[in-house]
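**Student:** Can you make the complete structure from the sequences, with help from the hints?
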Amino acid sequence: MSRNLWLGLAIGLTAAALAATFVFEPTALRRKPAVPERTPLGWAGQLQLRAGDGVSGWRDGAAAQARFADPYGLALGRDGTVYVADAGDNNRIRAIRADGSVVTLAGADEGFRDGVGAAAAFDTPSGIALDAAGNLYIADTGNHAIRKLDPQGRVSTLAGDGTAGYRDGPGAQARFNGPVGVALDKQGNVYVADTYNDRIRVIRRDGQVLTLAGGDQPGYQDGPGPLARFDTPTGLALDRHGRVYVADTRNNAIRRIGLDGAVDTVLRTQAEDPSTALRRPLSLALTHDSVLYIGEMARGRVLQLGLDRQMHVVSGATQAQRLARPSALALAPDGSLVVADAQSYRVHRLAPAPTADAPPVVGAAGPSPQNPLPRSEGRWPLAPQYAWHEVVGTLGEVRGDGGSEARHHLHGGLDIAGDVGQPVLAIADGKVSNPNSSWGLGELGEGMALDALSYIHMRVGRKANGDPIDPARFQALLDEEGKLRRMRVQRGTRFRVGDTLGTINPMAHVHLVLGASGYERNAMVLDFAGFSDRYAPQIERIALLDALAQPLQEREDGRLLVARDGGGLQIVVDAWDQVDRNLPRRRLGLYALGYQWLDAAGQPLPGYEAPVVNLRFERMPAEDEATQIVYADGSGVTVHGSAITRFRYVLTNTARDGRLAVGAWQPETLPPGDYILRITAQDYSGNAAQSRRDLEVRVR
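Using mature numbering (1 follows the signal peptide of the UniProt record, and there is no 0), the letters of the sequence shown map in sequence onto residues -19 to -1, 1 to 681.
Hints are computed from structural coordinates only; laboratory data are not their basis. Hints are supplied without guarantee of correctness; some may be wrong.
As the list claims (entries may be wrong) - Here are the simulated EDC-like pairs of lysine to aspartate or glutamate, each with C-alpha atoms no more than 16 angstroms apart in a straight line:
(1) Lys412 - Asp90
(2) Lys412 - Asp480
(3) Lys129 - Asp187
(4) Lys464 - Asp480
(5) Lys444 - Asp480
(6) Lys167 - Asp90
(7) Lys444 - Asp514
(8) Lys167 - Asp187
(9) Lys412 - Asp142
(10) Lys412 - Asp112
(11) Lys129 - Asp112
(12) Lys167 - Asp112
(13) Lys129 - Asp95
**Tutor:** Written as structure tokens, this is what we have:
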């Protein structure tokens, strides 16, 4: 039998089996919509906190004081109850009641056990779905199973035997590989995003498990189900006709499985598309009129996609509403959305406007600044873990070559020098929470995320010679020719202190990032063993720039002349830092900078009794334009190949506490006369310096 004939027969049999199994009757699915007759397009949402104080942990009780560890999946009940799959170290199914209180319904310790309430055990529960009878269906990722929680609190296993694999058939014998997403149709069939099998599966009402679409290897291909390919599918949603929408995470795509089992692409981002295009979709919600909402991991946004395929940003257009990881979306009867922000440890309501009973909560987006640090106890990511290693880059530094790539981006972590091929070690116990936790195979930026830490510039899961380190935790994906194409680290995988995560690649350092994307913290807060810094910052020169970013040059009596009516000016300072035992040529960025205006006698003017500190790098500003705002032109590596970096800070702009703003000093606020501009610079260790040569200014 020819290959084409065999494929045609297989497709025909699959389609016939699906047709015999499912009743796709659009008329049977029609019901009075619970949302407005036409979903408004392009509305700008406002976040309103439903539960969670932004600190990782476990605490039931009042919503604003409740704590979650990884509130990944959610479902919305008819009575307003929000059901939450809380993974991480909690491994519980919880509920946010209509009165705002948070309770635990089932689960306690990490494991695989059926039972009632706390007697049951889960391992990294992820997506959940709710049926009309009040039963919850749970993608129990770490157990490679689909579980069921009934209204009486009984937990049972619907499908999967607890072993990672791929096998269709009766539920008790079927196998999954890290399922992350689930969805239900009106007939009671359970659809599963079998994430690390790169397939969409379905559990029929009779308990049989079938594959709906996808194949042996991750990839991208539309077509009949057996020929279609996905890459790390996560979120699912069904429309009123029974078509399945898939958040195809690594393909940067939204896919759709039709009634005939064929897969097509609704939306896909290409590599050349602008940075604002869809990247790493994670969660989905679908209205009765087929408007799609998408939770996007890469930029922490919630997007709306109408029938015209135009994309609107509902939340996350500004840092104030950026989510850390929008892992689940649920549509409420009033047209608002409930959003699980897994890496912020919160659940939100996202609505077009605040309501009287649920006003917006200021500062509710993102993890709390009080969130506990990883228990690293001063360890370094290189051996010996309790001994000094050279720091060669700090948070907030400018990156660029001084030419066309000048001021390209801000440095988001801490660079620690090491030898190429040296093992990279975990500095704290951690559990992988990101379903797409490794990236960039063979690239200089290759790395992986482990809980709140990311380790970058390494060969993930591989020795220096390319041999695997731990095949049980690092899944090597090969192409058809047997060549390595991906190192996968699944959600729910645990690592302990000192475990080898990979080996340093040709970048010759480890880039350590602390915190969720968009909410990176200064990793110096981890207080590394043996680190010391007794060097005060160096302030080299001060300049005032006009509206065209040109430095003022005119002087009189040694003072810089400033026109009082000439408009706002930027204060730009060249400064840098060093730490103990660094090479003399090594220049590091500063932690904080401020400025003061003094009178001619050296006394601070009103409002400048203390330095105005607009730049402070305790947290990373997430906006794309941050580099252009923090640094003036000429910053970066000024000579290609040179190790000397020039930091030209714009002190009149703001980058502090993750906030970003453009500002200027207004000379018109001062009467004509002589003044002194003094600069203060500080490193993370608390060493401070003032400009040795203040800038003398004459305002006229």
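**Student:** Which hint numbers does the structure go against, in order from smallest to largest?
**Tutor:** 4, 6, 7, 9 and 10
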